[in-house]
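Protein chains in written order, with our numbering: chain A, 16 to 297; chain B, 67 to 383; chain C, 12 to 447.
What the hints contain is simulated information worked out from the structure, not anything from laboratory work.
Just so you know, not all the hints are guaranteed correct.
In silico DSS-like links for lysine-lysine, alpha-carbon gap of 27 angstroms or less [what the hints assert, rightly or not]: (1) B:LYS150 x C:LYS432; (2) A:LYS87 x C:LYS70; (3) B:LYS231 x C:LYS70; (4) C:LYS369 x B:LYS231; (5) C:LYS414 x B:LYS150; (6) C:LYS150 x C:LYS414; (7) A:LYS87 x C:LYS44; (8) C:LYS78 x A:LYS155; (9) A:LYS155 x C:LYS336; (10) A:LYS87 x C:LYS59; (11) B:LYS231 x C:LYS414; (12) C:LYS281 x A:LYS72; (13) B:LYS231 x C:LYS281; (14) B:LYS231 x C:LYS195; (15) C:LYS305 x A:LYS72; (16) C:LYS194 x A:LYS87; (17) A:LYS87 x C:LYS357; (18) C:LYS78 x A:LYS87.
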Amino acid sequence: MTTQSQTNFSHLIGAVLRYTVLGIGLSVTLLPFVYVILSSLKTPSEIIQIPPSFFPKAPTWQNFITIFNDPKVPLGLFFFNSSFVAVARVGVTLFTSSLAGYIFARYEFGGKGVMFAVIMAQIMIPFQMIMIPLYLILVKLQLIDTLWGLIIPAMIDAFGIFMMRQFIEGIPRELIDAGRMDGATEFQIYWNLILPQLSAPLASLGIFTFMATWNDYLWPLIVITTHERRTLPLLLTWYSSSHGSRPSLTMAASVIVLLPIVLIYILFQRQIVANAATSGFK
Amino acid sequence: MASPGSLRRSQRRFAFSVMTPIMIYLMIFSLLPMIWAVILGFFDYSPARVGGTIFGLGESNPFVGIRNYLDMFSDSQPATVFRKSVSNTFLFTFLILPLNLAITLPLAIIIERSHARVKGFFRAVYFLPTVTSAVAVALIWGAIYNPQAGLLNSMIRTIGMTPPKAWLSDPQAFVFGIPLAMVALIVAHLWQDFGYNLVIFIAALQGIPQNLRDAAMVDGANEQQMFWYVTLPLLQPTLLFVCVMTILSSLQMFILAQVMTAGGPREQTTTMLMSIYSNAFRYQNMGWAAAMSMVLFGIIMLFTIVQFRFLRSDWEY
Amino acid sequence: MRSYSPVRWLVLIMALVLASCSAAAPAAPVAEKVTIRMWSHQNSAFNKVNQELIDQFMKENPNIEVKYETFPYDQFIQTLQTSMPAGTEADVIEMFGSWVCNYATGGRLQETPAEVMSYTKAQEIFYKAPLDGYYCDGKLYGMPNEYNLEYSGALVNPELYKAAGIAFPPEYKDYNGLIADAKKMSAFSGETMTTAGFHFTGGDALGFIMLGGILEQGGNYFADDGKHFNFESKEALNVISTLTRYAREDKVIDPTLFSGDNGLPGAFFKGQVGIAYIGPWAAGVGLVDYPDVKFEYVALPPMFGSEYKFAADAGWGKVVSANTKHSKEAWMLQNYLTINRANALKFNQISGTVPALKELVDNPAEILAVAPYMQPILKLLPHGQYLGNVTDRDQLFYEIIAKNLTDALNGTMTPEQAAAKMNAEANAMVDSKASK
Numbered sequence: 016m017t018t019q020s021q022t023n024f025s026h027l028i029g030a031v032l033r034y035t036v037l038g039i040g041l042s043v044t045l046l047p048f049v050y051v052i053l054s055s056l057k058t059p060s061e062i063i064q065i066p067p068s069f070f071p072k073a074p075t076w077q078n079f080i081t082i083f084n085d086p087k088v089p090l091g092l093f094f095f096n097s098s099f100v101a102v103a104r105v106g107v108t109l110f111t112s113s114l115a116g117y118i119f120a121r122y123e124f125g126g127k128g129v130m131f132a133v134i135m136a137q138i139m140i141p142f143q144m145i146m147i148p149l150y151l152i153l154v155k156l157q158l159i160d161t162l163w164g165l166i167i168p169a170m171i172d173a174f175g176i177f178m179m180r181q182f183i184e185g186i187p188r189e190l191i192d193a194g195r196m197d198g199a200t201e202f203q204i205y206w207n208l209i210l211p212q213l214s215a216p217l218a219s220l221g222i223f224t225f226m227a228t229w230n231d232y233l234w235p236l237i238v239i240t241t242h243e244r245r246t247l248p249l250l251l252t253w254y255s256s257s258h259g260s261r262p263s264l265t266m267a268a269s270v271i272v273l274l275p276i277v278l279i280y281i282l283f284q285r286q287i288v289a290n291a292a293t294s295g296f297k
Numbered sequence: 067m068a069s070p071g072s073l074r075r076s077q078r079r080f081a082f083s084v085m086t087p088i089m090i091y092l093m094i095f096s097l098l099p100m101i102w103a104v105i106l107g108f109f110d111y112s113p114a115r116v117g118g119t120i121f122g123l124g125e126s127n128p129f130v131g132i133r134n135y136l137d138m139f140s141d142s143q144p145a146t147v148f149r150k151s152v153s154n155t156f157l158f159t160f161l162i163l164p165l166n167l168a169i170t171l172p173l174a175i176i177i178e179r180s181h182a183r184v185k186g187f188f189r190a191v192y193f194l195p196t197v198t199s200a201v202a203v204a205l206i207w208g209a210i211y212n213p214q215a216g217l218l219n220s221m222i223r224t225i226g227m228t229p230p231k232a233w234l235s236d237p238q239a240f241v242f243g244i245p246l247a248m249v250a251l252i253v254a255h256l257w258q259d260f261g262y263n264l265v266i267f268i269a270a271l272q273g274i275p276q277n278l279r280d281a282a283m284v285d286g287a288n289e290q291q292m293f294w295y296v297t298l299p300l301l302q303p304t305l306l307f308v309c310v311m312t313i314l315s316s317l318q319m320f321i322l323a324q325v326m327t328a329g330g331p332r333e334q335t336t337t338m339l340m341s342i343y344s345n346a347f348r349y350q351n352m353g354w355a356a357a358m359s360m361v362l363f364g365i366i367m368l369f370t371i372v373q374f375r376f377l378r379s380d381w382e383y
Numbered sequence: 012m013r014s015y016s017p018v019r020w021l022v023l024i025m026a027l028v029l030a031s032c033s034a035a036a037p038a039a040p041v042a043e044k045v046t047i048r049m050w051s052h053q054n055s056a057f058n059k060v061n062q063e064l065i066d067q068f069m070k071e072n073p074n075i076e077v078k079y080e081t082f083p084y085d086q087f088i089q090t091l092q093t094s095m096p097a098g099t100e101a102d103v104i105e106m107f108g109s110w111v112c113n114y115a116t117g118g119r120l121q122e123t124p125a126e127v128m129s130y131t132k133a134q135e136i137f138y139k140a141p142l143d144g145y146y147c148d149g150k151l152y153g154m155p156n157e158y159n160l161e162y163s164g165a166l167v168n169p170e171l172y173k174a175a176g177i178a179f180p181p182e183y184k185d186y187n188g189l190i191a192d193a194k195k196m197s198a199f200s201g202e203t204m205t206t207a208g209f210h211f212t213g214g215d216a217l218g219f220i221m222l223g224g225i226l227e228q229g230g231n232y233f234a235d236d237g238k239h240f241n242f243e244s245k246e247a248l249n250v251i252s253t254l255t256r257y258a259r260e261d262k263v264i265d266p267t268l269f270s271g272d273n274g275l276p277g278a279f280f281k282g283q284v285g286i287a288y289i290g291p292w293a294a295g296v297g298l299v300d301y302p303d304v305k306f307e308y309v310a311l312p313p314m315f316g317s318e319y320k321f322a323a324d325a326g327w328g329k330v331v332s333a334n335t336k337h338s339k340e341a342w343m344l345q346n347y348l349t350i351n352r353a354n355a356l357k358f359n360q361i362s363g364t365v366p367a368l369k370e371l372v373d374n375p376a377e378i379l380a381v382a383p384y385m386q387p388i389l390k391l392l393p394h395g396q397y398l399g400n401v402t403d404r405d406q407l408f409y410e411i412i413a414k415n416l417t418d419a420l421n422g423t424m425t426p427e428q429a430a431a432k433m434n435a436e437a438n439a440m441v442d443s444k445a446s447k
């Protein structure tokens, strides 16, 4: 054998190995999704049978129909709750982060150092540390068991401010000076000149915040007790425990809750993954 | 930069009008709770009791000094559970880290090496579990782990082996000294979480300038040497970042453990955050829970400081 | 690079959402319509009958709207705890009797108004054991629906009996016969138990067997001061050793395998258990969730000796929260569900709980018409006594008794060790709560 074909051969082996590994990874990653979908199509008696089947013998939509018709589960309402909280939080976060980030990046004023220290402090404080007093504060503000109680304590994100500041520092000062010379007000400069430059980091921050809020569980668990105000993750655990004897229904509910996020992901996947990679934070 | 006085003033006005509400907000929702949490740790506080005038502290919610912290070493049941939760959290964190790296780094290298189309596809699929709700993940994996009707055990039985009695509920099952329930939890967590690091590594690998690799190849380096002497050192800042982030997120594990195992069996999968949560909101011992949260905070601060110290310089690239 | 700002886009969406939110917000209550809420834990039979009674109530009182919400059991307590300081809890709460005094003394519950019911009158119509759970510091807070009886009653599976060739329904004079039959019904696949002949390791069952077993032997689980416990007496040790023998030598149950999601009552109705030691409420759940499964409910003999003796705690009942803004309507609903004879009867019939109202047991025909399985256990009622002040009932039953007993059953500890640990932990619980 010549060296060339030896190299070709070893390349081939390498490629085969590589794709095998990737294929195994693919199956492992997708298997739970396939499993939950198949399980949601099984009848209640088939899903508890022993030994279990993998494919449903007589696939049925009945589980989904049951959930859609269940008067205690107005899906639209729960989707609204989760969406409302997520969108509100993202909206305010993006607005305040970009505005405050701009101020920190391009303005000088007394007390700026102290304020920045406050920002940095908030970044360092993990949620667990303040969740107890935050609950007590909400009790005083009478925001317990309201959707606003989910939005308000998390509206302004110090990390977002920090991130925007970093980015805005890269925007040339001439742009701002030109705006001022044109007689624009400070706010107009922000709105018309700075903001359009920020679409990439804003999208990144927005997506990250949206996902985090949508999937948030611990804080809503503490705050929300009324059924109609539950967000989707809370709904899912509630549904799962009230239908413990029929796991096929729980699987169907899981599919329903997962579907929108998976769809959004499929549509915007490139953006989402790119943002996660470059921002590199959770 | 010289500017007319009125411009300066209007700039300052703008700055203050924006920052003031933001600062007030942060005071109320960040600083105040932080100080309150520290103070709470020195009291025996329950929201069920009325207590004194300032924030309900004092009187029937008495000041107890460092008794909460000393109690952590006592034999009482809450303290024993807390200590167990600390060791569980550390065990969990430092098992996850090497396992995660062992999966994500090689996979990232393989993917980065592949064709562009393939690369994009695999990256997208592997990242999918990270966007899903941890509650759904916990329910699905709970079903997979079901001893009689679950996927895993039926797969094990088809290849002719006997599966363990119960993955999530057997207090006597251990693997190399680690509770089986924790192993099961780790697997589920890895499944959900590995996409993050994978994607970061891929981006970092792509960021290695091609000319460096070319130069190495010209110098006669083979694949192995390329990896150890070129790739790995250049990956170092990313590696450090990934390690710290993984550690930080593992230290705060809650949802998966709460929904899949409820911290069992016998508190073998109870994490610190779960312990804090149940003491604060189920048993209403908020002073004690606040003290525990300070301990967790201390641990997290340690790793956060490490991250900031070592990575501050790298932000500028 | 986009030419429009994503932030503006988002602000627009936010505005739309907020607008639609206010449009979709429920319209203000019409005229004098009052809305009250009721909370309970999740139990399919309880939830079903509560909802039916509530629908009835709303028909009879068209100006009152009742919203009924349910919670997973292990979240229920935490939900109550987080909502009460904030005042967001429901008006009427289905609470477990043993918890009531904790909440009452914390000022969380409303005392029953005299015109609704007085303690003296209540004593005439309710059994003492369940009622006393709702009577704290000389005040009555709500009323019970249930005499919580989880003692010497069991679900039995006709198919498994037939397959093992045993007469059905069984009548046991003592546990020797029971265990012998159970051994015949236990089945294994290799080392793994697939069918449990006699399942007695539910969290409540273990607690009641432990305490009842001590009482049957003439002992007492309280120490002399009436507050601390004594689980190292020879009676206590006997209970633990006997149960350990059933699990390890007779192999009638594997506590690990048949716990959690694979515990009772589900495991029984899936055909995996021959004899299930559990209260009659499990039959109620079975009739709702597993309507096709055949079963019988039988009385078991005393485990020790020949006399029945047991401790019961106050079962589920309805209380009214102190924060309610609609006292009158709340007490109307509370009353409707607990004192109204027909409704209380319906509750007990469907949920399979033993009535707390004496009258329903003295004239058992009605309840037995719907819940015939309850008959064997009704005759046990006179032998019961109130559990007493056990400091924290859930902690005692689930953390202290059940866990240590299960360790002995698993072989992780010897019965002596389990008894010692149980004793130590129970008394530590009393001491730590006392110091607060």
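Right, here's what the structure says about each hint:
For the hint pairing LYS150 of chain B with LYS432 of chain C, the CA-to-CA distance comes to about 18 angstroms; that is within 27 angstroms, so the pair holds. For a cut-off of 27 angstroms, the pair hint linking LYS87 of chain A to LYS70 of chain C stands: about 19 angstroms separates their Cα positions. Of the supplied pair hints, the one linking LYS231 of chain B and LYS70 of chain C is violated, its CA atoms being roughly 51 angstroms apart against a limit of 27 angstroms. Taken as a hint, the LYS369 of chain C and LYS231 of chain B pair is broken in the structure, with Cα atoms around 46 angstroms apart against an allowance of 27 angstroms.
Proposed proximity of LYS414 of chain C and LYS150 of chain B is supported: the alpha carbons are some 16 angstroms apart, at most 27 angstroms. Restraint check: the Cα-Cα separation between LYS150 of chain C and LYS414 of chain C comes to about 34 angstroms, which exceeds 27 angstroms; the hinted pair is violated. Restraint check for LYS87 of chain A and LYS44 of chain C: the C-alpha separation of about 22 angstroms stays at or below 27 angstroms, so the hint holds. For the proposed pair LYS78 of chain C and LYS155 of chain A, the alpha carbon gap of about 25 angstroms is at most 27 angstroms, so the pair holds.
About 18 angstroms separates the Cα atoms of LYS155 of chain A and LYS336 of chain C, which keeps this hinted pair within 27 angstroms; it holds. Restraint check: the Cα-Cα separation between LYS87 of chain A and LYS59 of chain C comes to about 12 angstroms, which is no more than 27 angstroms; the hinted pair holds. A C-alpha spacing of about 19 angstroms is found between LYS231 of chain B and LYS414 of chain C, which places the hinted pair at or below 27 angstroms, so the restraint holds. Restraint check for LYS281 of chain C and LYS72 of chain A: the C-alpha separation of about 20 angstroms stays at or below 27 angstroms, so the hint holds.
Distance restraint check for LYS231 of chain B and LYS281 of chain C: the Cα-Cα separation of roughly 18 angstroms lies within the 27 angstroms cut-off, and the hinted pair is therefore satisfied. For the hint linking LYS231 of chain B to LYS195 of chain C, the alpha-carbon distance of about 22 angstroms falls within 27 angstroms, and the restraint holds. Under the criterion of a C-alpha separation no larger than 27 angstroms, the hint pairing LYS305 of chain C with LYS72 of chain A is consistent with the structure, at around 26 angstroms. This hinted pair does not check out: LYS194 of chain C and LYS87 of chain A have alpha carbons roughly 44 angstroms apart, beyond 27 angstroms.
In summary, the hint linking LYS87 of chain A to LYS357 of chain C is supported, as the alpha carbons are separated by about 23 angstroms, within the 27 angstroms threshold. At roughly 11 angstroms between alpha-carbon atoms, LYS78 of chain C and LYS87 of chain A fall within 27 angstroms of each other, so this suggested pair holds.
Consistency note: the structure conflicts with the earlier hints numbered 3, 4, 6, 16.
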